[in-house]
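S.K.: Starting from the given sequences, assemble the full structure and let the hints guide the process.
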Amino acid sequence: MGFGEYPAEYNAKVHGPYDPARWYGKVDTPLAQTKLGELGAWLGRRQKSPQAVTAAVSRGYWRWLHKYVHPKRSGLTPFLQVIAASSAFFYVLNYTKIKAHRIHKYHW
Amino acid sequence: MMTNLFSSFDPMSSTFNLQLNWLSMFLFIIVFYPLYWISNSKSSVLYSELTSYITKEFMPLFKSYKNIIMFNVLFMFILINNVFGLMPYTFTSTAHIAMTLSMALTIWVIFMLYGWVNNTNHMFAHLVPLGTPIVLMPFMVLIESISNIIRPITLSVRLAANLTAGHLLLILLGESMVNNSILIIITVTAAQFALMTLEAAVAVIQAYVFATLSTLYASEV
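So the protein sequences, as listed, match chains A and B. So the first sequence is numbered by full-length UniProt numbering: it starts at 1 and just counts up by one. So the second sequence is numbered by full-length UniProt numbering: it starts at 1 and just counts up by one.
Note that these hints are calculated values from the structure, not bench results. All figures in this text were calculated on a predicted structure; none of them were measured in a lab. Treat the hints with caution; some may be incorrect.
[Unchecked claim] In silico BS3-like links for lysine-lysine, alpha-carbon gap of 30 Å or less:
| # | chain 1 | residue 1 | chain 2 | residue 2 |
| --- | --- | --- | --- | --- |
| 1 | A | K67 | B | K42 |
| 2 | A | K72 | B | K66 |
| 3 | A | K48 | A | K35 |
| 4 | B | K66 | B | K42 |
| 5 | A | K67 | A | K13 |
| 6 | A | K67 | A | K35 |
| 7 | B | K42 | A | K72 |
| 8 | B | K56 | A | K72 |
M.R.: Here's what the structure looks like:
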């Protein structure tokens with residue numbers, strides 16, 4: 001699957017219009033329904049190539065868009081989620097520097 | 001201890017010893033939502049209204065919409081970077097001269113190269129404003145040349161200095177609240193509320209100013 005191409009398993013006649021959030025490959029047990037003993041085998045069946053990981057991140061992003069951004073009456077929720085996630089991400093990234101602040105005990 | 005007043009402007013993250021704070025530039029990609037349906041949702045109406053307002057502002061200077069797209073995107077990029085810089089712990093990438101100068105210098109060099117190579121006489125004519133007395137013409141040429149040359153510097157420094165100054169004021173006020181009476185804390189917090197409102201306005205205005213001046217410099221070519 002090259003950059004900007006459809007997945008190899010996608011067939012317009014069978015699946016209809018392309019949905020970037022959907023997995024078109026072979027159906028497997030969802031992670032939430034996998035038994036603990038089968039977890040190793042489940043993880044072994046995952047594709048771990050850079051293209052596969054990028055595609056998975058892309059599908060996750062589109063699922064978030066479908067759920068929070070594209071509904072007609074979505075509102076402020078996606079913006080607040082992005083702000084919260086970016087604040088948390090940069091807090092973790094700069095934690096050692098922030099901990100060393102002289103006035104650290106007066107803020108998070 | 002906070003060894004430096006400017007520590008929040010430091011792009012070096014404490015993990016991996018890399019300048020990972022610059023990743024805040026990519027929030028622009030996450031926040032500029034790709035569309036899926038024909039009708040807009042409430043979240044994408046914000047962007048479409050903003051971009052159509054900016055397009056209406058810039059259209060008189062250009063012949064067709066395809067020439068405006070770059071300035072639309074420039075405005076949105078600087079706006080999103082400025083606004084996210086106001087959020088807790090998020091790095092302000094446009095407060096750095098490295099970022100603003102790379103944008104301003106690129107834009108200015110493009111217009112100067114295109115203008116002077118293709119429309120040399122037109123560019124020379126721009127150095128003397130309409131209605132200048134003949135005696136003043138040599139001085140006007142000098143002044144206009146200098147104002148032209150300092151354009152990338154003014155464009156970049158205006159944006160970086162505005163954002164840095166605002167953030168710095170908020171940091172200084174925050175530090176002065178430490179170990180003080182409750183009255184000082186309430187006063188300083190009220191002042192910080194006012195400054196935060198000002199900073200939000202400055203974030204939008206500076207993005208608008210940067211994009212507008214870029215379109216003006218483009219229309220002069």
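S.K.: Hint by hint, note whether the structure agrees.
M.R.: Hints, verified against the model:
{"no.": "1", "hint": "A:K67 with B:K42", "verdict": "holds, 13 Å"}
{"no.": "2", "hint": "A:K72 with B:K66", "verdict": "holds, 29 Å"}
{"no.": "3", "hint": "A:K48 with A:K35", "verdict": "holds, 21 Å"}
{"no.": "4", "hint": "B:K66 with B:K42", "verdict": "holds, 26 Å"}
{"no.": "5", "hint": "A:K67 with A:K13", "verdict": "holds, 26 Å"}
{"no.": "6", "hint": "A:K67 with A:K35", "verdict": "holds, 28 Å"}
{"no.": "7", "hint": "B:K42 with A:K72", "verdict": "holds, 6 Å"}
{"no.": "8", "hint": "B:K56 with A:K72", "verdict": "holds, 26 Å"}
Comparing the model with each numbered hint stated earlier shows that all of them hold.
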